[in-house]
Amino acid sequence: MSSNHHDGNDVQRERAETASIRLAAIIESSDDAIISKDLNGIITSWNRGAEKVFGYSEQEAIGKPMQMLIAPERANEEVEILARIRRGERVDHFETVRIRKDGKLIDVSATISPLKDGSGKIIGASKIARDITERNRAEEALRASEARLRTVTDNARVGLVMVNRERRYTFANATYAEILGLTSSNLVGQRVGDVLAPLYEEQIRPHLDRAFAGERVAYELHRSTSGVNHYYTVKYEPTKVNGSVSLVVVVITDITEQKQAEEKIHQLNSELEERVIQRTAQLEAANKELEAFSYSVSHDLRAPLRAVNGFAGIVLEDFSPQLPEEGKRYLERIRNGGQRMGELIDDLLAFSHLSRQSVNRQTVDTTKLVQNVFDELKPQRDDRRIEIKVGELPACHGDPALLKQVWVNLISNAIKYSRGREPAIVEIGCTHENGENIYFVRDNGAGFDMQYANKLFGVFQRLHRNDEFEGTGVGLAIVQRIVHRHGGRVWAKAKVNEGATFYFTLEGENKS
Amino acid sequence: MSDTNEVEILIVEDNQDDLDMALRALRKANLTNKIQTVRDGAEALGFIFCEGAFAGRKFENPPKVILLDLKLPKVDGMEVLKRVKGDERTKMIPVVILTSSKEQKDVIDSYNLGVNSYIVKPVNFEQFAAAVQELGMYWLLLNQPPKT
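Chains S and L are the protein sequences, given in the same order.
Note that our numbering has the first sequence beginning at 517, numbered continuously upward.
Note that our numbering has the second sequence beginning at 28, numbered continuously upward.
It should be emphasised that the hints constitute simulated quantities derived from the structure, not laboratory data.
Be aware that one or more of the hints could be misleading.
[To be verified] Chain S residues, not near chain L, derived (Cβ > 10 Å throughout):
1) V527
2) T686
3) G858
[Claimed, not checked] Taking lysine-lysine pairs in the DSBU-like style, the calculated list, with each CA pair at most 35 Å apart, reads:
4) K844(S) with K129(L)
5) K804(S) with K85(L)
6) K844(S) with K98(L)
7) K129(L) with K109(L)
8) K118(L) with K804(S)
9) K804(S) with K61(L)
10) K98(L) with K804(S)
11) K101(L) with K91(L)
12) K129(L) with K884(S)
13) K101(L) with K894(S)
14) K884(S) with K132(L)
A virtual CB, placed ideally from N, CA and C, is assigned to each residue, including glycine.
Chain L with its partners taken away, still in its complex shape (with noise of 0.2 Å):
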């Protein structure tokens, strides 16, 4: 990815696997041109916040929406969640929870920090697949975000 501002997916995921499968499930679809992946929360709160390695990128070029992990190295997803949406300059931006987590709380936190979607990675391959691209496919397609 040679310009970070166009970038239209942030996926956060620290697992090289389910990394590998979501990046397969989304060329599959053709969602594939404009997608940064970062490696942990800190990374994950840089390019949101256009800090540290991304301090060339600009708020005015949100991606249209963050993939993002709960259980990440350094900073966690629940952190990355509270950063960006407790900020008016990034709270707008569309985040998906994208966790094996199906514990009850994690669910509930999330909504009350202003998640727009959470999804638990399904064990089924296929399932899993259908799930990146369906999301894929809202969020970049469907969705119609607010003009800045």
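So that you can see chain S by itself, here it is in the shape it has in the complex (with noise of 0.2 Å):
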């Protein structure tokens, strides 16, 4: 069994063979089409991986003709790669269009080589085809995603960069160059450092990195081109191939108009501020103008009054007996006249004061209060028979000192005014409408004329002659000035001689 048996030509023969046969199983093996032909392009070998390729069994293509592959508009192919064939050339990764056995177009890459006999003379040709229908759709569908891509980040509204660790660009889009300024446009391949002299060294490259030490960064650059102040924020995404940074992903954003934008805001609002204090400043100085005025009459009008007041009651006393009636009745008149004059100083005083009183707000006891203010007012009703009537009156939020300064003015007034009625009635009450307390004063009294209500929260308006009901004509005004103040309404109904109603709001909780 040794091959020391056999002679020399049986062990080349015997090699031969098991080449063969190695080549054909590598041959069987492979995915390509393998497929040989004739000079004529009649088909003479065919492997599986032809069968996998076009559809066509072995026993189906051995014996046809080549063109059975070829669609009818590329004949011509066939006849020229059989001319180079002839030639002795080679077709080298020659990529066409193929039909398969069940119609369908696909895309080949093929080799297609002359096969020579023994000696050497051009027999047909050998071709190796592979289906690139896949590949070509994975391509075409790669260069259409870039393409997208381009045209996305192109259109950014930020610039993107990806950075290498020799901080060179692999890719740009362009709005990194626009809203950068650089006149370069295409960036890949070059340095940042060059890119961006003398920022980068000034303000980028610590950022940077940081980045390719694996951190994310967020960082603000200021860049000053020709007196002109730009903003960007700038944001490095590093990108870690087998867990070091080899990219690192550069997101920057202009912002200087938003920069610009809230200097302007932060401008205006010094300017306003400064405007506020000016105005407060002119303010302070008118109420401390008032002040001075309303001190001034305070003191200064007053001493003339006394004097008046004074001598004229001198005079009565001392002179009396040489005075005739008419004299003293005279007398007495410019007393009275100064004494009612004091009234009227005092009052506006008190109604002056109130527009710059600060209101103190807090839960005011209504009952309690219009409870504190009947008692005071006791000496006013001079033992007169008068029926009071105080419904339910809930707890409101206001300047208690305030508020009470409001009841008395109302309750006096309705005690006043029902001078004469026997017998005099005054109600209090309050009524919930519209999601408000309406507090009220009622009385029967002289009432008035609902034509003139206009004129009667005004200062130092009346609707009575003094000798009729006396007053000053400062009490309502007060009134509605403290109830404004609270941001609340007054008003009134009444008709002559059956009384009048004053009716009062304390809404609007934030004013003052």
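With the hints as a guide, bring both chains together as one complex.
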């Protein structure tokens, strides 16, 4: 059984057979189509790969013309290929379209080589063909995807670049160059340090170093070109491959306009503040002036009045016997006039004080407040028979001292103007309408003509003569001012000789 | 007033009308004999601190009360009050502010400076006369000053 029993030719033949079998096995196992044909284009061999690529079995293919795989419009291709083969030329990586048995067109990449016999004569061709339909489709998809990405990134409002470890650009969208004012449009391959000198050394480098150390970085970049300030926010996103940062994605946003707007707002704010300070100072000055004025009124107007009053009184006291009755009466009227002017001055001062006084809001027990007011007004009632009806009075939110003044003025008016009624009736209560409390004070007294209602709340405005009902015409003006300062409303309904009702609300809690 | 060392009431008042009425009221109450009147703040300080025209006066003989107006020429009443109450030699002297001003600020400032009483001059003559008489009575006859 040893090879020693065979002669040299046997050994050689055996080796050739072994090689041939091995080759056939390789051909059979290939995924590529491996086909041979003669010089007339008739298929002479057909491997399993060819069956897979073109759909024909070995039996179906052998002996058939190669033309059956070629679309009619490409018929010349086969003629040309055959011509080149005859000339002994190879056709390498020839990409074309072929028809499968099922009629489907496929992209193939083919390499065709001449086949020679032992004497070197060309007897046919071998063809290795690969179905590249999928590959082409994938490439197409990739190209489309890249184009889309490019379109998107170029139109993005942010600058997008990728920087590798050598600090060179590997990608840059158009916006990047645009917002940084770079003239060079093809950044890929260039060094960041060259493109953005001297900014790179001044501001960028330490941040980029951190990003390449694996840190996500965000910072603000400031650049000044020919006196114009530009501001950017910059974000670095490190991309790791095998644990080390190979690439940093840079996103840069131009925030110059935003900054300018912020600066503008800041400037406007400080201007506004300045103006508020000025206005406040003016107001304070005006207030000071008003204070000085009322001080002066308070002090200087009273002194001569006291003299008028005083000396009229002294004359009456010291020289009464020498005076005729008429003279005494006139002196009395001088004194009354002075007295009244004193009251006017006092009321006017009280009224002007109101606008300067701050409103200190707190919860006020209205029932208790009204009770106190009645107690205080007892002397004014002169033992008159007055029927007082007090309804339910809900608590309110306001300045107790100021609200007391409102109730004092309204209730004392009710008592005053119901003089002469038997019995006088003063009714106090509260109704609830549209979610707000409406307090009221009603009397059955003199009332007034509603056509003069608009004069009611004016300073020094009166609807009755002083000899009918004494007063200065300031009480209701004070009521109105206090109610308004609480954000409320005040109004009245009346009829001559049938009494009057005054209503007020204290809504608008936040006003003062 | 011959001897300023015997003064019991110092009236500081620039308004002749008010002064006359006050003096008349005090006279009616038989309180006139030991009154000194001065017409502005500077004069008042001179009397109180025994200076200038009042150099002959002694600190040991203070008035029993000073009736002080607030609005005065030269040195105003508030300043006079401040000086009187801020000086060890004079801070015991009772000071009554007698003024037309009802301003709360004046009242508060006066009390902060140590005023003994704050009276608003009534416009009504009878009330004014009564107030001055009562004041005189109170500080001269009823009030017990510390022994010096």
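For each hint, the structure was consulted:
1. V527: holds (135 Å)
2. T686: holds (78 Å)
3. G858: violated (3 Å)
4. K844(S) with K129(L): Distance ~32 Å between K844(S) and K129(L) Cα, so the pair holds.
5. K804(S) with K85(L): violated (42 Å)
6. K844(S) with K98(L): Within the cut-off at roughly 34 Å; holds.
7. K129(L) with K109(L): holds (19 Å)
8. K118(L) with K804(S): Holds. K118(L) to K804(S) sits at ~32 Å (cutoff 35 Å).
9. K804(S) with K61(L): violated (41 Å)
10. K98(L) with K804(S): holds (18 Å)
11. K101(L) with K91(L): Satisfied, since the Cα-Cα distance of roughly 24 Å is no more than 35 Å.
12. K129(L) with K884(S): holds (29 Å)
13. K101(L) with K894(S): Given that 35 Å is the threshold and the Cα spacing comes to 47 Å, the pair is violated.
14. K884(S) with K132(L): Holds - the C-alpha atoms of K132(L) and K884(S) are around 30 Å apart, at most 35 Å.
In summary, the structure is inconsistent with hints 3, 5, 9, 13 from the numbered list given earlier, while agreeing with the others.
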